[in-house]
Structure formats: C-alpha cells, structure tokens
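Asks: Quick mapping for you: the protein sequence lines, in order, are chains A and B.
Under the working numbering, the residues of the first sequence are numbered 26 to 237, in order.
Under the working numbering, the residues of the second sequence are numbered 12 to 730, in order.
None of these hints come from the bench; they were simulated from the model.
Any given hint could be a false lead.
To be verified - Some but not every residue of chain A turned toward chain B, in silico, with C-beta under 7 Å:
(1) 33
(2) 79
(3) 115
(4) 117
(5) 205
We put the beta carbon where it would ideally sit given N, CA and C, even for glycine.
One-letter residues, chain by chain:
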Amino acid sequence: MTDNKDRQNALSSRFSEKAKAVSAFVSEVPTFEAALAYCLDLCGRRGACRIRISGCDEQLSPPTDSLCEMKQEKIVAAPGLDPAQYAKLQDACAVSGFTCIKSGMREHLSGVDIGFTIANLAIAETGTLVINCPGEELRLATMLSEYHVCVVYRSTIVEDAFAAEQHLLKYLHKTPDYTAFITGASRTADIERVLALGVHGPLELHILLLED
Amino acid sequence: MQEAKNLKEYRQEMQESLDNNFLRQALDTFAVAYRAGRARAFSEFEVDRLVTDVADAKDAVLSQLNELFLQFKKNAEVAGVKVHFAKDAAEANALIVGIAKETGSKKIIKSKSMTAEETLLNHALEDQGLVVTETDLGEWIIQLRHEGPSHMVMPAIHLSRYQVGDLFTDVTGAKQEPDIEKLVKVARRELRSKFVEADMGITGANFAIADTGTIGLVTNEGNARLVTTLPRVHVALMGIDKLVPSLKDALKILKVLPRNATGQNITSYVTWITGANECLSAAGKKKEIHFIVLDNGRLEMAKDPLFSQVFRCVRCGACANVCPVYRLVGGHKMGHIYIGAIGLILTYFFHGPEKAKNIVQNCINCEACKDICAGGIDLPRLIKQVHVRIQDQAGHPLPSLLLGQVMKNRKLFHTLLRTAKWAQKPVAGNDGFMRHLPMIFFKEHDFKALPTVAEKPFRDRFPELPQPIAKPRLRVGLFSGCVQDFVYPEQMEAAFQLFAENQVAMSFPMAQSCCGLPLQMMGEAKTSRDVALQNVRAFEKENVDYIVTLCASCASHLKHNYPVLLADDPKILEKTTAFTAKVVDFSTFAHDILGLTAENFLGDGKRATFHSPCHLCRGLGVHEAPRELIRAAGLDYQEAEESEVCCGFGGTFSAKFPELSAALLNKKLDNVEKTGAEILLTDCPGCVMQLKGGLQKRGSKIIVQHTAEALTARLKKEK
Ligand code: SF4
Ligand code: SF4
C-alpha cells in the first residue's frame, strides 16, 4: 500500500518536473473547487482575461483585425466537464463576470480566454497530458484558448507512453477518434531558432494536480 | 531547390552561401547548441538501444508493406476515411485537386508536410486557382518568399528576423518591427483568419498505423490540430514508408524523433486521428477525410538490398544538423527538397540523377550523420553508392577514370608516386612544402601548403630498420596507407621505434597498396574492390597477431568497408573477416594492447591538443585512447572546442570543393589556436597534411605531428 503511494508520488514529481521543464505551470490543488478558483484567479493574476486577445494589439491586415473585433467578452470554455462540475464552474464564472460556455466554440474562432479541461491520462517521462477529444468542442477549447488550464488526477499519471498503450488503444479502436498528447504551451523556434510560446495554440499551459 | 547544371555552377552557388555571414553564423550556433540539447534529451536513456528499436521496427515493415497498406486501408475505411494509393507525385497531386473540386473547396490551409514539398503540391493546387496557405510559421514564411525549405524541421532557418519583419510588413501593409515575439503574434493573428475561412486542410503524417487505421502527427505549433479540426475536409498525404504495424511501433519512433530532431523530449503536440471525426461545420457533422499514400520510388527502394534502409528515416533532420558541409552552405545547397545527408540520397530517388549528380559529391565522408541518425542508417555509404550509380549510368569523369586505371596497378601507382618527387623538384621549397603547386592541382588549393613526396618511401626504409632481438611480445603487420608510405614515412618510423622498444616484431608486406578509400570517394566501385582484395591477399600469409595502421581512415575503411566490398565470394569473405579482425588503429594498439602508461615516458610538460579524425572517433568509436596517451607522455593536454568535428580534408573532397575544405580548416585552426597549444596531434596522416598546410599558411608556430611521433620523442629508454 505504501509502496503504491511512493510510486504514485514518484510519478507525480517526475511528471511535474518534466512539465515545468517545458514551461508549463504546475500546481497542486486540494479539491476540484480549488481548481476552479485557480482558473478564475488566473484572469486577475496573469492578466489572462484581457478581452483583447494576444496579437490583436499588433499592426494587422484589415481582415485579421476585424476577426479580433469578434471577441467582446471574457470567456471560459469547458466542454469536457460533467454536468455537476460544469454547474460549479458556471456559478463561479457568474460571480466574477465571465461568460462560461460548453459548446458553440465555432462562434469564438477568434479565441477564448481560458480553456478548462480534465486530462484522461498523464505521462511522467515527458510531462505530457493525454486528452481524448473526439468531440469537436473539447478539441477546440484546447486549441483556441489563450490559456489552457488542465486538471490531472494524480492516479492517472503513468510512467511513459508504453505504459499508456493499452489505454490509448481503447481510444483508437473506438472510432472515430481524436486523441491529443499535449506537452507545454504551443511553441515555435522558426525565426532564428528563438523560442516563442503561443504561436497557434495556447500561450500558457497550467496543470493542476489533484488528489483523488 | 537544387538547379545547378554542373559542378562549376554548383561551386559558385556555394561560394554565395559561404559569403552569407548571417547564414554561417546561424548554422554555427545551431550546430553547437543542437549537440548539447540532444545530449540532454537522451541523458536518461541508452541512445543506441532506442535507435536499434527504431531500425528493427522499420526493417520489419519492408517485407510486409503490401499487407500493411491493405490493413491500414481497411481499418481507416471502416472508420469512415477514404484511402488512396498514388504511384507518383503527379498522381497524388491530381487526386488532391480532384478532392478539392468534388468538395467545392476553394481555400486550403496546410500544416507542414515534406511529402507535399516533394510532390510540389502547392504549385498543382495554385495552378487550379485554389488558394493555399501554409500555416506552420516557417513554411508560411518561405511560401511568401517563394522558396523551398532549407531544413526539414526548421524550414526558414536561413532567414533573419529583419527579413521576416520586412516580409510581414508587405503582408499586413503595416510596418513591422524586427521583434521575434511580436512577429510570432502577428503570424498567429494573420493565420487565424485563414483557418476560419478554409474549406480544406492538408497535412502530412508521421505515422500510419495499420492495426487501427490511425495517423499520427508530431508538431510544435498547434497548427496541425487546427488544420485537422476547423475545415470540413481533411487530406493527409504520406509516403508509404510511414506505415507501421502497431501503435507500439509508432511510440518507439516517437521516443527518438523529437529528441533527435530538436532535443525535445516530445513535441508540444502529438495528434492521433482515427476515422471521420466530428466536424460541426460539415454536412452530417462528419468531416470528410482522405488519406493519400504515396509511392514515388519508395517501393523500388524497399526492394533494394542496400537502399531499403532509407525506410528507417523518420525525417528528424539530425543528419543535416551535424553535417559540417550543411553547416557551411545551408540546406538549399544540400538537397533538392529533402536536405542534408538523407537529402543527397532522396534527391536521387525522388527527383532523378540530374538533380543529384552535383550535390551527391558534396559529402566529406566524416560519418557525423551516420553517428546521429535516428534510424541508424549508414548514410555516407549510401551517398557514395548513389554517386557510383550516377557515374555508372552517366559515364565516369576523366580524373576519376584515370585514378581508377592507375590504382588498379599497384606498381604503376607506386612508380608514379616515386617519379612525382622528381616532377616536384623545381617547385619544392626546402622546408618540406611546395612553394608553387604543380599544375595538376586547382588554384583554390592555395589555402594550404601541400607537402612534398618524401625522398625515400617507408617501404624502402623498412628493410633497414632494426627489429627487436629477444622474444617478441607480439607480432604485427604494418599497413602504411599511401600517405604515410610516400609522404610521411617518418610517422611510420616513429611508430616502428615505439613498438620495437616494446618488444613487438613487425613485418611490412610489400604487396600492400592504397587502402582504396579515395577510389570509393570518387565513385570507382570496381577498382575499389580490386584494391581491397589485393591488400587482403598481401597479408594472408603473414603470421601476425594484429595489423596496425597509423591512418584512422585506412583503419576504418579496412575494418568496415572491406567485408562489404568483398562479400560476393564466400571464400574471400572468410579471408577478409580474418583480416579485418586483426586491424587496429595506432592509439588503440598503443594504449589498450601495449598498455603504455606514464611509466614509459619522460614528459616535458609542453601544451598539446588533439584533433580527432572523423574515422577515428566515429568510424572506429575511439575517443579516450589517444588523449590518455598524450597525457601519459607527460604533455599538458588541452581539449580544443569541437575537437571531433572534421578538419575539412576528406581526401579527394578537398580537391573537388577547396572553398569548403578551407572554411572547415579555418574553423578547426581557430579552435586549436584558442587552446594555446604548442603541439597539435592527430591520428591520421591526411589530417596532418591538412592541418600542417593550414598552419604553415597562417605562419603559425604550432607543430603538427602524428601522435606516434610525439610519443616516441618522449619515450623513456630502457636501461
Ligand atoms: S558523411 Fe559528413 S559530410 Fe557526408 S553527409 Fe554525412 S555528415 Fe555530411
Ligand atoms: S536519415 Fe536519419 S538523421 Fe537524417 S532525417 Fe532521416 S532519420 Fe533523421
């Protein structure tokens, strides 16, 4: 029993170490409610909810500029939550003056402020989140959000991709399927090999480790 | 893209690259940073084992390609994807144009696909009036500039932030500052509007998993996820070499690919797509998906006993990252579409001999690519073999033919070398260097002083040398190679003395000739085999424990290439294997076998550094032996930066591409001079020739010697 606990702790710390190494923000949260609070707090702390999304303050071509105008509110998208979890998030958003959505991502192609998700699995060796997202809404929430906040249940962390293989095969065999490995924020080094975060996907990835 | 018509034009192109300071500097910093990053990424693992896993998984695919394709097709189709087979680039492009027409797609977004670059897909689509936008940042930049990629993983590595800033100023119609962070944000917004409008998305695939009909995409920016999600149609174009039996095989490759490509443990995104996914903007809320599996010469390659290993390539780009030639000239000069060592090979197979004939000669045979390859492909060998094929098809150039003719006949070759010393008389200076170069050399050779041929070759001196009298510890056969025999016999003599002092009895079979590596480099396969056989025969009757050579290139050629060159006849192969088993390089013999230590030497504390010949460190995997010997000899050893990077000699390479050879040499000498060493040691007479010549030209006082000479000079005489 304690062996198991030790193993779990070792996996958790390896996972966080690797995720942090690729500039993810990793925190421990005691409860799901704390995770929600973290998510909303992000707006204040990291200025995540700026209404104007990143890049829109640059000099852009007219059609692109008009896309920027599409976004007029502060939005948290969380298509993957179960109804009870979603209700809690909705309440919290209402208090803070955010719009909370679980569908209709295509009306927000310009971008949303925060995408809030729960990982199916996490891979310690590389600090990777595994998100099974055959549904388009969830997929888009992880792609179009400026900040991606993802809850990882500690019990779902596995050693490496091979340890996740059987799990992954279940997804792949249940077609159609779309499964994503996400490690750190979206990045590029295409100009002079200088690392820049947030090229097409989220600018920041926040991982919340939760005991279950 | 490679469009040079002949070697002359090609050399001019390269001079332009050499003059491009930004490119040179960018690639220099990259080469150094890459090696450190990769080492870090693999630090927890045994790289060789992981590479073997990839190689084994890929090799297993070869014999079942057809079955795997059918299985992949069946499983993908059950899940709602249409799978097409395209025999060549034109067919693949036509299929995609057809899909665009049928689905009424007008605007197309793409994520990075080398296979689409290979088929020149964008041209085909644009010819039909379709609007195509690349969404990978680097690909978008080069698309806007109407260029091909200059690296497989970092397509715009040849451009500066200023160039990108100017480009984006044109695109947005607003002045953009050369600030990378901002430029990336501009691209993010500009491309986002392209995503929103697109009807069709085109991607490549890194894996096509037969067991599940899944494709896997390995990316960093996140554009491939948008490309496969937003538009209502998705087309994935992949070479048939992307097929793997199972997810496990894909995961094995995934473990190596990002680590080897960019030193990342994994890329930001890996996307697994199986079947026609939900797409809320499509009719029936299902995306229309097409997988196009491309042959374009790959199936023929899979059947070839030698070239089938190309299937192991996972397109990580590492073979360009470590290539000293790539580092000097950049990607556009080192591949038509695919870049680097693998580019030299694929250009021949995908784009034909015309496009390959010049670039394939631009390999110095340093083996850095082979050493780093994610699939363990013997790239230098394949490059040489492409050269052989092109020459066999198109005819051998005169110098190459002449060399072949001369080398076939050892006596003729040696007579020519002996008479060369008369021919050079009027031009030889009295310091061992030629003042003016004989006509046979190109004028660009002037960057280094060339040595003269020795008065008396080692083969004539050998019979006069005193052998140890009492019971010998070991018997060895000496293999000199032509440079030491005819140019630097003193290196052989030094080794002879060192060995004799240690009770080693030596023989020197007179029938030995050139090892044959220069012939291989010139693409003269047949003579190269003849010469190999001659050398095996020369040592056949010698009763020796080891065959020692002071030339790392000879040693590695004898050891690794002879068994391949002489594999056709089982009897000969048996003799060859017995021969190669005895071959050992100087430092390994002196250090590991004779066990020389500080006890054997009287040092003088002079500062010394070491240039590690390519064929010693990578060819033979010898790293520590020479350095430990130098320390044991009582010298103050100082490691030079990049001591294992090529010095630019590369045998016949330095005659063909003197500008490149000179640039490599200069970098090497800068690093040597930085150590403050008085003595520069190395284990290869070719490197000695290159380094000595370069230092002489610089007017430097640094003494260049073979390690054997430095050791013998400090030998503690017994009693
Ligand atoms: S052997 Fe060396 S020069 Fe030739 S392609 Fe490989 S790395 Fe480049
Ligand atoms: S040949 Fe090897 S090193 Fe080069 S891209 Fe392919 S796998 Fe990578």
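Asks: Each hint: holds or not?
Replies: Here's how the hints hold up against the structure:
At a threshold of 7 Å, the smallest CB-CB gap from residue 33(A) to chain B is about 20 Å, leaving the interface hint violated. About 6 Å separates the beta-carbon of residue 79(A) from the nearest beta-carbon of chain B, less than 7 Å, and the hint is met. Annotation: residue 115(A) was flagged as interfacial toward chain B, and the flag is violated, the nearest CB pair being 22 Å apart, outside 7 Å. For residue 117(A), the suggested interface contact is broken, since its CB lies about 27 Å from the closest CB of chain B, more than 7 Å.
A hinted interface residue such as residue 205(A) counts as satisfied when its beta carbon comes closer than 7 Å to some beta carbon of chain B; here the least separation is about 6 Å, so the hint holds.
Comparing the model with each earlier hint shows violations of hints 1, 3, 4; every other hint is respected.
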